[in-house]
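Enquirer: Next come the chains, spelled out residue by residue.
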Amino acid sequence: MAENSENNAYWSANKRIIGISLVIWFICSFGFGILLRPMLAGIKIGGTDLGFWFAQQGSILVFLVLIFTYAAKMNKLDKQHGVDE
Amino acid sequence: MDQFTLNLIVVGATFALYIGIAIWARAGSTSEFYAAGRGVHPVVNGMATGADWMSAASFISMAGIISFGGYNTSAYLMGWTGGYVLLAMLIAPYLRKFGKFTVPEFIGDRFYSQTARTVAVICLITASLTYVIGQMTGVGVAFSRFLEVDNTTGLLIGAAIVFFYAVIGGMKGITYTQVAQYVVLITAYTIPAIFISFNLTGNPIPPLGLFADAKSTGLPILETLNGMLEDLGFAEYTRQTDTTLNMFLFTVSLMIGTAGLPHVIVRFFTVPTVADARSSAGWALVFIALLYLTAPAVGAMARVNLIDTVYPNGTTEAPLAYEQRPDWVSNWEQTGLLSFDDKNGDGLIQYVGDGEANELTVNRDIITLANPEIANLPGWVIALVAAGGLAAALSTAAGLLMAISSAVSHDLIKSQINPSISEKGELMSARVSMAVAIVIATYLGLNPPGFAAQTVALAFGLAASSIFPALLMGIFSKRINNKGAVAGMIAGLSVTLIYIFLHKGWFFIPGTNSFSDSDPLLLSIKSTSFGSLGALVNFVVAYVVSNATEEPPVEIQELVESVRIPRGAGEAVDH
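Taken in order, these protein sequences are the chains called A and B. Letter 26 of the first sequence, counting from 1, is numbered 17 in the numbering used here, and no numbers are missing. Letter 564 of the second sequence, counting from 1, is numbered 640 in the numbering used here, and no numbers are missing.
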């Protein structure tokens, strides 16, 4: 039983990290790149606006940071809960 | 030395390299054939995944589509990279823990049903085969140009080479060959981009060049391009002309399709641990991002150079006379992918936004390959790009064929039709199914449903609507049962396939479509974007059916618990 509740805690923590990451993922791609682009139109960058930059460049950089952060956080979490290999 | 000979030498040298590696690492046992014995380092695996991932769609086709579509085509950039976030967090680590060889195997075990496994095989084959059609389109473009033949001949020669290439090696051959292919393709993609970015803006780093000032006008390059396009009656490059709804759904479809494509997922079966599966996804995206950050610059700058070629004295002056056209125009005319029709009979090349008056037709798929020629770069750069395009198309076609053949031989024949089949017989059936897939894809590739990247986007929609939801629910829910999963996959795949066929023709046969993407059936939703709605249908059907029927058995709930925990991943077992 003890192992089971430990595993459940691990899984909840994993889901929490995923949840936060996916909120950022959504805001930086669908948000800034598409839905919120009209709101960001005032911020100019290199002949266009911030929304265009996020759609064609910024979102990709954010994705990279997100995956490596997730991998690092999970490695720590694996050790904390004693489920690492 | 003329360009043709140079192309042959460079392309021939890279091919010799891949084939050499494939023979050196020639697959022996079935375990090696499918998953390279699981000894692949995350960085190496990431690079190979990058090559596997970046196909003719990314290399040959995407920059051209961006070049003509501007901001509206951002979905390709966000979709095909953002999917890796989903893959790293929602799919790859758990499937690695599960530790089997194929995606249908997971679906079959998790949903304790041979029917589920068979349905997964059908979904996999439908998506992968559509994907291969897109690759064949790209292969056709690349071969027709560098062998200086028409598009159909180029496609047939390309298909023969893909066949020979995919059938000799297994996954292990492919892992190391793909590292070599990655190096060739990324070098080929970035070198011309660096030259062009430096020529146009003085900044040699293409992603920075895209937002820098053009030397010719002193204004930002995107503003310069917008001005040129406006003069000629085209839509501004940075303006949104597609609907927000379609852009949104298209991006969703490409992202979740990325996380549901079996030929990408199986790459994560080949790393030693669950932690490696997560970081592998990150490394894959690093190598992919090198191309994806360069592509928008290539697209915008190619458009500037194209317009500059046609309007050497500026867009407000008279265009170039057809008689004075540069060599690259006549070279591409040979392939039939670029054409000039002197509608007003003045001998000048009118390239304008108004379709009635426009005289120059440029196939989007030639932009990346023609780019170095348009920019007057040296001959070896042109040859290198031809080699890169072929590397991209070959590596992905091989990975896809691998996924198709393992689904047929491992998930259908070995597990259901004839369990006593020998290892030799299994390898044989794998190779036969590859051959059949190539023949079908080549036939359909002769009249493709769209530009390479668009056809590939359809494949993503199919994976998004069928496989991704089943995997996600299989890992994150213990309540979804066999009936729910099967009903969900069938519903998601059918509705998406029907929507695509209604717009692109039944079985992609031209002329059998009832609607077109310029005037789609539902609101402004194009067939390439429908996968996201298909996925929604899949989720809803699976949820409703599961809740109306019995809970999965206890041992299945325990299986779900175990894939969520990294400890104990060990070697994969064959059964």
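Rather than coming from a laboratory, the hints here were simulated on the basis of the structure. Glycine is no exception: its CB is placed at the ideal position from the N, C-alpha and C atoms. Do not take every clue at face value.
Claimed, not checked - Below, in silico cross-link-like pairs of lysine-lysine (DSS-like), each with a Cα-Cα straight-line distance of 30 Å or less:
1. K554/B / K64/A
2. K6/A / K291/B
3. K67/A / K291/B
4. K554/B / K67/A
5. K64/A / K6/A
6. K291/B / K35/A
7. K6/A / K70/A
8. K559/B / K67/A
9. K291/B / K559/B
10. K176/B / K67/A
11. K64/A / K291/B
12. K176/B / K419/B
13. K176/B / K70/A
14. K6/A / K67/A
Stated by the list, open to error - Residues from chain A that face chain B, not an exhaustive set, calculated with beta carbons under 10 Å:
15. S20
16. G33
17. G38
Enquirer: Between K176/B and K67/A, does the CA-CA distance stay at or below 30 Å?
Expert: Since the Cα atoms of K176/B and K67/A sit roughly 26 Å apart, the hinted pair holds (cutoff 30 Å).
Enquirer: Does K67/A sit within 30 Å of K559/B, going by the straight-line distance between their CA atoms?
Expert: violated (38 Å)
Enquirer: Does G38/A pass the interface check with chain B, least Cβ-Cβ distance below 10 Å?
Expert: Holds. Min distance 3 Å.
Enquirer: Given the proposed pairing of K554/B with K64/A, does the C-alpha separation stay at or below 30 Å?
Expert: holds (25 Å)
Enquirer: Hint G33/A vs chain B: min CB-CB distance below 10 Å?
Expert: Interface hint status for G33/A: violated (14 Å vs cutoff 10 Å).
Enquirer: Is it true that the CA of K176/B sits at most 30 Å from the CA of K419/B?
Expert: violated (61 Å)
Enquirer: Can the restraint linking K291/B and K559/B be considered satisfied, given a maximum Cα separation of 30 Å?
Expert: Given that 30 Å is the threshold and the Cα spacing comes to 63 Å, the pair is violated.
Enquirer: Can the restraint linking K64/A and K6/A be considered satisfied, given a maximum Cα separation of 30 Å?
Expert: holds (12 Å)
Enquirer: Taken at face value, is the distance from the CA of K291/B to the CA of K64/A at most 30 Å?
Expert: Answer violated: K64/A to K291/B is near 45 Å, above 30 Å.
Enquirer: Holds or violated: K554/B and K67/A, Cα atoms, limit 30 Å.
Expert: The given pair, whose Cα atoms are some 26 Å apart, holds under the 30 Å limit.
Enquirer: K6/A and K70/A: Cα distance at most 30 Å?
Expert: Given pair K6/A, K70/A holds - Cα atoms ~17 Å apart, limit 30 Å.
Enquirer: Is the Cα-Cα distance between K67/A and K291/B 30 Å or less?
Expert: violated (49 Å)
Violation of the numbered hints given earlier is confined to hints 2, 3, 8, 9, 11, 12 and 16; the remaining hints are satisfied by the structure.
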